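Engineer: Sequence:
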Amino acid sequence: MQITLNAWHNPQRQQVPVIAFTAATPSSTISGNFTAAQLRSIARQLINIANDSDQGEQGPVTYTAED
1 MQITLNAWHN
11 PQRQQVPVIA
21 FTAATPSSTI
31 SGNFTAAQLR
41 SIARQLINIA
51 NDSDQGEQGP
61 VTYTAED
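Mapping of the sequence shown onto the numbering used here: position 55 corresponds to residue 55, and the numbering continues sequentially without gaps.
Since the hints were made in silico from the structure, they are not lab data. Wrong hints could be hidden among the right ones.
Now the in silico label distances, taken between C-beta atoms and shown as ranges [unchecked claim]:
#1 A37 <-> Q58: 30 to 36 Å
#2 A7 <-> G56: 28 to 34 Å
#3 A65 <-> N6: 27 to 33 Å
#4 W8 <-> D52: 28 to 34 Å
#5 N6 <-> Q55: 26 to 32 Å
Here the structure is a predicted model, which means the values were calculated and not measured. A virtual CB, placed ideally from N, CA and C, is assigned to each residue, including glycine.
Whenever a hint applies, use it, and build me the whole structure from the sequences.
Structural biologist: The structure is reproduced here in C-alpha cells:
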C-alpha cells in the first residue's frame with residue numbers, strides 16, 4: 001500500500017499546518033490541524049505502534065500521545 005504525506009505550511013504562522021496522511025482507501029486516512037510539537041508526538045507514537053506490531057502485539061491498544 002502506497003502512503004502519501006501531504007502538508008500545507010503557512011509561513012505567516014497564523015494557522016497551524018494542515019496535515020493529511022492518505023493511502024489507497026479512505027479508511028486509511030488521517031487529517032487535521034497539528035502544531036509541530038503535536039506532529040513530533042504523533043511520530044513517536046507511530047514508531048511505538050510499529051515496534052509493537054513487529055513484536056507481535058495483538059488486539060486493540062490505546063497509545064496516548066505526550067503533550
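Engineer: Give a verdict on every hint.
Structural biologist: Structure-based check of all given hints:
no., hint, result
1, A37 <-> Q58: 30 to 36 Å, "31 Å, holds"
2, A7 <-> G56: 28 to 34 Å, "33 Å, holds"
3, A65 <-> N6: 27 to 33 Å, "21 Å, violated"
4, W8 <-> D52: 28 to 34 Å, "31 Å, holds"
5, N6 <-> Q55: 26 to 32 Å, "30 Å, holds"
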